[in-house]
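Which chain is which? The protein sequence lines are R and D, in order.
Per the working numbering, residue 1 is the first one in the first sequence, and the count goes up by one each step.
Per the working numbering, residue 165 is the first one in the second sequence, and the count goes up by one each step.
Don't take each hint at face value.
[To be verified] One side only, chain D facing chain R, incomplete, derived with CB under 7 angstroms: (1) G195; (2) G209; (3) S222; (4) A225; (5) D230; (6) S275; (7) P313; (8) P317; (9) I320; (10) V385; (11) F386; (12) F392; (13) R439; (14) T503.
[To be verified] Short, incomplete list of chain R residues facing chain D, as computed with Cβ under 8 angstroms: (15) K28; (16) T34; (17) A55; (18) A79.
Simulated from the structure, these hints should not be mistaken for lab results.
Positions of the beta carbon are idealized from the N, C-alpha and C atoms, including for glycine.
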Amino acid sequence: MSALKKLFPVIGIALLATAGSLFAQDAKQIEVTTIVKKEVVTEHVDGTRTTELVAADSVVPGERVVYTISFRNVGAEPADNVVITNPIAETLKYVAGSAAGEDLEVEFSIDGGVTFGKAEALRVVTDGIERPATTLDYTHVRWVMQERLEAGSEGQASFAAVLE
Amino acid sequence: MKTVTNPSGLLARLGILSALALLAGPALALGTDAGTSVQNTATVGYSVAGTAQTPVDSNTASFVVDRRVDLTVTQVGAGLTQVTPGVDDYFVEFLVTNLSNGTLDINLDFSQLANADGDVKGAGTTDSDVDMNNVEIAVSAASDGVGTPGTGPDPIIGGASNIDDLPEDDSIRVRIFADAPLTLTNGQIANVLLEATAADPATGTNLVQSGTWDPDAIDNVFADGAGFSDAANDGIVTNADGFETVTAALSVTKAQAVQSDPLGSGLAIPGATVRYTISIENTGGVTASALVITDDIDADVTFGPGAVVSFNGGADTCVADDAADTDGDGCAWDGTTLTIDEIGGAAIDVAAGSTVTVEFDVTIPTT
Numbered sequence: 001m002s003a004l005k006k007l008f009p010v011i012g013i014a015l016l017a018t019a020g021s022l023f024a025q026d027a028k029q030i031e032v033t034t035i036v037k038k039e040v041v042t043e044h045v046d047g048t049r050t051t052e053l054v055a056a057d058s059v060v061p062g063e064r065v066v067y068t069i070s071f072r073n074v075g076a077e078p079a080d081n082v083v084i085t086n087p088i089a090e091t092l093k094y095v096a097g098s099a100a101g102e103d104l105e106v107e108f109s110i111d112g113g114v115t116f117g118k119a120e121a122l123r124v125v126t127d128g129i130e131r132p133a134t135t136l137d138y139t140h141v142r143w144v145m146q147e148r149l150e151a152g153s154e155g156q157a158s159f160a161a162v163l164e
Numbered sequence: 165m166k167t168v169t170n171p172s173g174l175l176a177r178l179g180i181l182s183a184l185a186l187l188a189g190p191a192l193a194l195g196t197d198a199g200t201s202v203q204n205t206a207t208v209g210y211s212v213a214g215t216a217q218t219p220v221d222s223n224t225a226s227f228v229v230d231r232r233v234d235l236t237v238t239q240v241g242a243g244l245t246q247v248t249p250g251v252d253d254y255f256v257e258f259l260v261t262n263l264s265n266g267t268l269d270i271n272l273d274f275s276q277l278a279n280a281d282g283d284v285k286g287a288g289t290t291d292s293d294v295d296m297n298n299v300e301i302a303v304s305a306a307s308d309g310v311g312t313p314g315t316g317p318d319p320i321i322g323g324a325s326n327i328d329d330l331p332e333d334d335s336i337r338v339r340i341f342a343d344a345p346l347t348l349t350n351g352q353i354a355n356v357l358l359e360a361t362a363a364d365p366a367t368g369t370n371l372v373q374s375g376t377w378d379p380d381a382i383d384n385v386f387a388d389g390a391g392f393s394d395a396a397n398d399g400i401v402t403n404a405d406g407f408e409t410v411t412a413a414l415s416v417t418k419a420q421a422v423q424s425d426p427l428g429s430g431l432a433i434p435g436a437t438v439r440y441t442i443s444i445e446n447t448g449g450v451t452a453s454a455l456v457i458t459d460d461i462d463a464d465v466t467f468g469p470g471a472v473v474s475f476n477g478g479a480d481t482c483v484a485d486d487a488a489d490t491d492g493d494g495c496a497w498d499g500t501t502l503t504i505d506e507i508g509g510a511a512i513d514v515a516a517g518s519t520v521t522v523e524f525d526v527t528i529p530t531t
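All chains, full assembly: derive it from the sequences and hints.
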C-alpha cells in the first residue's frame, strides 16, 4: 500500500508539468548533461572479466549501453525535490538493477511517464491476467533525490540498457 | 490488449493509463534496424524555496545503430541428390537467411569441390572427385517471408544469380543446378560449394567491416558464424552439398561346360554338347531396365534354329527361332547372333544386387 500512497502525489506533479505557465520563470539553477557509453566486457584467459565503458561509436543489437546523467546546482539557492526523469527509448531494454545514484531513490514508469513506482510495486494486466511488471514494460526511469541539492553541489544518476 | 493497473485497484481513477500504455508498444523481436538513431534526454525537475521551477532538459545523447552483419546458408533436404549418368538439370538446394538488423544484398558464388574437401554428406560414401557438367546457380524469384522459410517460388535456371534486398530475418531459396556426365559410375560423388557474401543493399558491393567507428553513421560489424570453408565474422558464409551417382553396374560372365560327348570323356570333342551359362549381375544401386542380351555364337559350333534358351535355372525358356523372332517369345536367331530382349514375355530388368542367368546348349559338329 505504501507504493500507492506515493503514486498520488506523483500524478499531481505530472499534471503540473504539462502546464508550463504555472512554473516560476526563474533562470535555470540546474545544469544537466547526459552521456552514453558502450559497455564492453572482456573475458581474460584466467577466467576473470573486465568491464569498461567506451565511446558509443559502434553499437549493434544485443550490446549494452550505459547512460550517465550529471547534474549540478549552479544557482545561489539550494534546490529541493530534485527529480531526474529519463525516458527509456523504445529500442532499449532496461537492465534490471542497473539504475544507480548516490542519495537517489529509483522509480519506474510503465505508462509513458504518467505515474511512477518502485519496481516491485508495478503491475501489468495483459488479457485480464495481472502480472508484475518486467523491465520490458518500463517506459521511464527516474531518480528522486532524498536530500536537498545545495548550491554548488552536483550528483550523478546512471542506468544501463541493452539495444534490442 | 495490454493495460496497466496498480496494486490498489484504483484503475477507475487512473483510466487514462490504459490508453497511454498502448503507446509503449511491444518489444522488437527482429533487432533494432541499422540506421536507427537512439536518443536520450534527461529532465531534472526541482523547486527553490518551495516553488517548483521549470524543469531543465539535458543535452541529447545519441548514437546510430550499426549494421550487425549476420547470415546463414543451410542445406535443404537430407542426403545427397541422387543422379543418373547422362541426365541433366539436377540440383542441390540451400536456404540463405539474413540475420542482420537490416536489409542485405547477398552476392553468391559457387564452385565444385576437389577431392581434398572430402565427403560433405552421406556416411560411408566415398568422394570420388568427379565434376558435374554445366554447373549454374539460380535464386528464387521472391524471398520466403519472415517466419515461413522455404516457401518461396522454386529457383529456376535462368533466374537471378545474386540476392537483392533480402529483408532481415527473411530467407530465400537458392539452387545449384548441374548435369550428370555420362561417365559417372555408381557411388561417385560430386560436391559443390555455395559462398554467400553480405553486400550493401544500396550498391550491391560486398560489405567491409568498418575500421573506424562513427557514432552518427551506420558501421558494419561482422557477426556471422564460420561456414564450411570460411572463418567467423568475415561477412561470408559457405556451405556445401553434393550429388551422388546411383546407377546400375552390370557385370557379365560367360561359362561353358561339356554336358555329354560320344566317348563319355567329358571333353569338347566332335559330337559333344557344350552348355554356355551367361550370368548378368547388377552390382549398382538401381535396377537396370530393358536389357538386350546378344551373343555371337562361333560358327564352328551348331546352334538353332529351334534351340531352347533357359533362364534363371529353367524358370523361363524361349526358342531361338529366326531373325524376326516370329514366335514372339523374345529370342531371335539370325544364324550368327542370339538376341534376347524379353524373358517370360516381359522386358529384362535386373534389380540392384540380383543376377539373371541365361543358359543354352551348342553341339560340336562331327564333320
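Hint-by-hint comparison with the structure:
Hint on D/G195 holds. Least Cβ distance to chain R is approximately 4 angstroms, under the 7 angstroms limit. Interface hint at D/G209: satisfied, since its Cβ lies 5 angstroms from the closest Cβ of chain R, which is below the 7 angstroms cut-off. At a threshold of 7 angstroms, the smallest CB-CB gap from D/S222 to chain R is about 4 angstroms, leaving the interface hint in force. A cut of 7 angstroms between beta carbons decides the hint on D/A225: the least distance to chain R is about 4 angstroms, and the hint holds.
Because the closest C-beta pair between D/D230 and chain R is about 5 angstroms apart, less than 7 angstroms, the hint holds. Hint status for D/S275 relative to chain R: violated, with the closest Cβ pair at about 31 angstroms, above 7 angstroms. For the restraint placing D/P313 at the interface with chain R, the shortest Cβ-Cβ distance is roughly 21 angstroms, beyond the 7 angstroms limit, so the hint is violated. The beta carbon of D/P317 comes no nearer than 30 angstroms to any beta carbon in chain R, farther than 7 angstroms, and the hint placing it at the interface is violated.
At a threshold of 7 angstroms, the smallest CB-CB gap from D/I320 to chain R is about 35 angstroms, leaving the interface hint violated. For the restraint placing D/V385 at the interface with chain R, the shortest Cβ-Cβ distance is roughly 5 angstroms, inside the 7 angstroms limit, so the hint holds. With its C-beta approaching chain R no nearer than about 10 angstroms, D/F386 sits outside the 7 angstroms limit, and its interface hint is violated. Contact between D/F392 and chain R, as hinted, is not supported at the beta carbon level, the nearest pair being about 25 angstroms apart and thus beyond 7 angstroms.
For the restraint placing D/R439 at the interface with chain R, the shortest Cβ-Cβ distance is roughly 80 angstroms, beyond the 7 angstroms limit, so the hint is violated. For D/T503, the shortest C-beta to C-beta distance to chain R is roughly 73 angstroms, which exceeds 7 angstroms, and the interface hint is violated. A hinted interface residue such as R/K28 counts as satisfied when its beta carbon comes closer than 8 angstroms to some beta carbon of chain D; here the least separation is about 5 angstroms, so the hint holds. Using the Cβ-Cβ criterion of 8 angstroms, the hint placing R/T34 at the interface with chain D is satisfied: the shortest such distance is roughly 4 angstroms.
Because the smallest distance between the Cβ of R/A55 and any Cβ of chain D comes to about 7 angstroms, under 8 angstroms, the interface hint for this residue holds. For R/A79, the shortest C-beta to C-beta distance to chain D is roughly 4 angstroms, which falls under 8 angstroms, so the interface hint holds.
Checked against the numbered hints above, the structure breaks hints 6, 7, 8, 9, 11, 12, 13 and 14 and satisfies the rest.
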